[in-house]
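Visitor: Sequence:
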Amino acid sequence: MAADFIGFPADLFSFLRALSKNNNREWFNANKDRYIESVAEPVQAFINAMGPRLEKISPHYVADSRRSGGSMFRIYRDTRFSRNKAPYKENVGCQFRHEAGKDAHAAGFYVHLANDQIFFGGGVWAPPNDVLTKIRDAIVDNPSNWKKITRSKSFLATFDGVRGDGLKRPPRGYDPEHPLLEDLKRKTYYVMKPGTKDMAQSPAFIDEVTQTFKAASPFMKFVASALELPY
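Residue numbers (the numbering used here): 1 to 231.
No wet-lab data here; the hints were simulated from the structure. Heads up, a few of these hints could be off.
[What the hints assert, rightly or not] Simulated pairs of lysine-lysine, DSSO-like, Cα-Cα distance not exceeding 30 Å: (1) Lys153 - Lys89; (2) Lys193 - Lys56; (3) Lys134 - Lys102.
Just so it is clear, the structure is predicted and the values come from calculations on it, not from any experiment.
Based on the provided sequences and hints, a complete structural model is requested.
Guide: Shown next, in the form of structure tokens:
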């Protein structure tokens, strides 16, 4: 229930700030109890509180408060293919993924907490080519519906439009003169609303996130339909 979430503690952000200055295993292991108390457990409480709210938006998106394998992203970075060998992420993220999704590239709602940036919304991040093709084809096949959703006053009042990195050239197989070409060029499709640390530390944060997820719902439903998933 929402009453279980009282806002994120200020020490969540203090911990992340300290971690950014001490991003090494020795410091993290010495402060692991603090991480659990100030970061992991509050995020788990937030996920649990979002569960019934999310179900009312769509029963097909999962709020799983497990610390590993659930909605909360691991704090450990995968450094195998990165020049940055810092072992820990300096932000907190949780993704309420579609039940059909298997990884972070699946369609889902998302909340991001960091000292320099807080945002929340939904979409699909850097999906494989077959998923991209389905979304692009859905835009081509349903241009009026796509425009009705993404250009509506209510949508633009919450978000600044659909975002995501795009190709420099038109994607192969699509009309280079298509009126929605900029949307078709995207490799990622998401909508996000910014927040503040004061907001995140308030019990009202969960209401703000819930309303934002509701505002993103028509867009998320379009994506789910494109991928032949229930919403």
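Visitor: Given the hint that lysine 193 pairs with lysine 56, test it: the Cα-Cα distance must not exceed 30 Å.
Guide: Judged against 30 Å, a Cα distance of about 20 Å means the pair holds.
Visitor: Take a quick look at whether lysine 153 and lysine 89 sit within 30 Å of each other, Cα to Cα.
Guide: Not OK: lysine 153 and lysine 89 at ~36 Å, beyond 30 Å, violated.
Visitor: Are lysine 134 and lysine 102 close enough, with their CA atoms no more than 30 Å apart?
Guide: Holds. Lysine 134 to lysine 102 sits at ~18 Å (cutoff 30 Å).
Of the numbered hints listed earlier, the single one contradicted by the structure is hint 1.
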